[in-house]
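S.K.: Given next are the chains, with one letter for each unit.
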Amino acid sequence: MTLDALITQNGAAFDAVDVPILSPEQFRREILDGVERGLRITAYFGERIGAAKTSLVCVLADDAENSLSVLSCAVRDRYRSLTPDCPQAHLFEREIAEQCDVIPEGHPWMKPVRYQSVALPIPGGTPFFSAEGEVLHEVAVGPVHAGIIEPGHFRFQCHGENVLHLEIQLGYQHRGAESFLETAPSPRSMAVAESVAGDTVIGHALAYCNVVESISRCAVSPRAQALRAVALELERLSNHIGDLGALCADVGFLPSAAYFGRLRGEFLNLLMSLTGNRNGRSFVRPGGVTFDLNDSMPADFQARLKAAEYDIQSAARLMFETPSVLARLEGTGAVSERTCRELGLVGPSARSCGMPLDVRSDHPHGAYRFSHIPVSTVSGGDVYARAMVRRIEVERSIQFLEDHLHDMPEGGQDLRNSAGPLRSGRMTICLVEGWRGEIAHVAVSGESGVLRRYKIKDPSFHNWTALAMALRETPISDFPLCNKSFNLSYAGHDL
Amino acid sequence: MTAWISEFVPALFRQWAFVLAVSPILPGVVAKTKAWVAGRQGPPVIQPYRDIVKLFQKGAAYSRTTTWIFRAGPVISFSAAMAAVLMIPIGGMEAPLTFQGDLILFAYVWGTSRFFTMTAALDTGSAFEGMGASREAVFSCLAEPALFLGLLTLAREAGSLSMSDLLSVGLIRIWSIHAPALCLVTTAFIVVFLTENSRIPIDDPNTHLELTMIHEVMVLDHSGPDLALIEYASAVKFFALGALLVRIVYPIRSGGFWAGGAVLGIGLLGLSILVGVIESTMARLRLARIPQFLAFAFVLAGFGVILTLAAA
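Residue numbers (our numbering), protein chains in the order written: chain A, 1 to 495; chain B, 1001 to 1312.
One side only, chain A facing chain B, incomplete, derived with CB under 10 Å:
(1) F156
(2) T322
(3) S324
It is worth saying that the hints were derived from the structure and are not from the lab. These numbers were taken from a predicted model, which means no experiment stands behind them. Ideal placement from N, C-alpha and C gives every residue a C-beta, glycine not left out.
When you get a sec, could you build the whole thing from the sequences and use the hints?
M.R.: Laid out in structure tokens, this is it:
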């Protein structure tokens, strides 16, 4: 059977009018059929068109065929909710209701996603799921936490030490990132894109630049593409290693925590040598990158990577071979493969459930078209699996960097081409595998070189619900460990 | 009567002065050991003294929902710790406070302290503190039998129910006859010691994750001088229970207060380093596993009793 949709690829631009407009019923059926066949909802958003009319656009990813399908429909103020039949749509529908005032009828969990306007209830101002009984108790954590972390509210329904249900309410960090980007690209837009999630600077900047380059038909030199991949992998390495260290710290295992903490710094320093900033800010720009590696740097990078790799191996061996650590990680906070599929998880969280999803090989972009990184999957879906996926990805990313630095494409002159004005009426979908998973930026350009609609989807958007599911029937004292094993972004979710 | 007072009062103050002066260095040594193993420099070993002084100079914040119970908690736990150390003999002589059955008082003075810490935690009405109090109650219930069985083994052999007799020179004779039993009891006491002092693998004193804490979460709402008293009391508890362990492992034959005190101090420093090494080399137990760990201590102490009975 064929999907009645526009088939496209990661980073390709097409005319927005080519997206088929289906009837709401047909739109719903197409999405349900697609999800049934194993496609994932990568983006699903609304755009106001005219008075009291909203166009709903859905992007389905076909990971096996390396393609994306786009379909849309026009609705007035309500439509039949997809969520009861397709759980992964739940947060998207809540978001659409909030952004476009369209009500999904029959949505089982209608609450605000973010603090968007004074007319809507504030986060936490709506009732939570509750359980009643003499033996049950409720624990509320946040939005102000004991540690220096981002704000989020967690409401646990507990039976003794066990969690029956966890409800997560975010939205305290909403800054309006999408609306800031709905202009013509400017230096300021880059600063916004880099701040969507402070720990995924390269990932979001890359997605934004891919969007601009795709719509303005700007070519990026192979050397710039390669440098972007190097930066993206360094970002992944520093975060994965930081996470492994934080997992050790959470179970009170100091030696590996201290080692990984130091090693994370090595990769931040590498990123600093490349970009002048430990987080990689101001490096990826439309048309290319701002800095090049000089002749001696690849060899220096290789030597530093080799040294770090050796230390990582020993710290990881210590962590994964200490029985008291394994006793804490194994079987804690398991997410089943079925839950993973139903919720449409992405990134290491999905790969730890045995799902081979990775934008770098499913929807390759830039340098990943030419050199592939094997997808790292582990089965089990518990904290151990999520730690193991990170360990394997660290090894493979270092391997990728070593191969890549050895053989960088030539061409230091056209490191940064100028991106021309945006062509009007074009649409593009750009996916990037950030360290947390699939980052999706979808943009539609309007008249006179501005972006009419800009939709960002951070991997955290899908994966927060998985944390809630992982906590079911898990002791509440293991919550910090589970939380750390996902390490999701509040800012990326809240935009 | 006056003769007794003139003997008792100086002994009392000498004991307190020694304990108050020495005990805060022990958590400092633990922290330093952990830092060394992790390859860090770590805070200076006298940091706990500085923290206590700093906290005493601060004001305290009290929630409107709390009552006098909340304020009484730290005072009572500090007083209890000060009372308990009077039963620990330092050097070759008897402790300032000693009578038949004082070991039961020794155990339950800590129980009183715990009761008030827990009620103070419950007084805040916070869900975290309630969880912490519930965990503390369960785990201390399970640690208590191990402590008593261990003390029973010693008391049986020493033929006395007084701490001063238990930890006297007679221990050398007991070691020569019942070394296996004493080894079991010592291991059980190490587990009890780690539990009572909320150390890894039972609790993690350094975590900031309130959902995983046991002891620390109960004192989250205390601040300023109250917190200083709590910190001081926990250092004294570390000293008192540590002294019990050190004196069992290394019975002091004779010597005056200062010579014996120096030996005890060295033993306690060794124990602090051991605790630091344990904390550096293993992860914390899963909360649900802790009762099994404490049952293990109970069984060890139980076998200690059986071994001494079998030998008799």
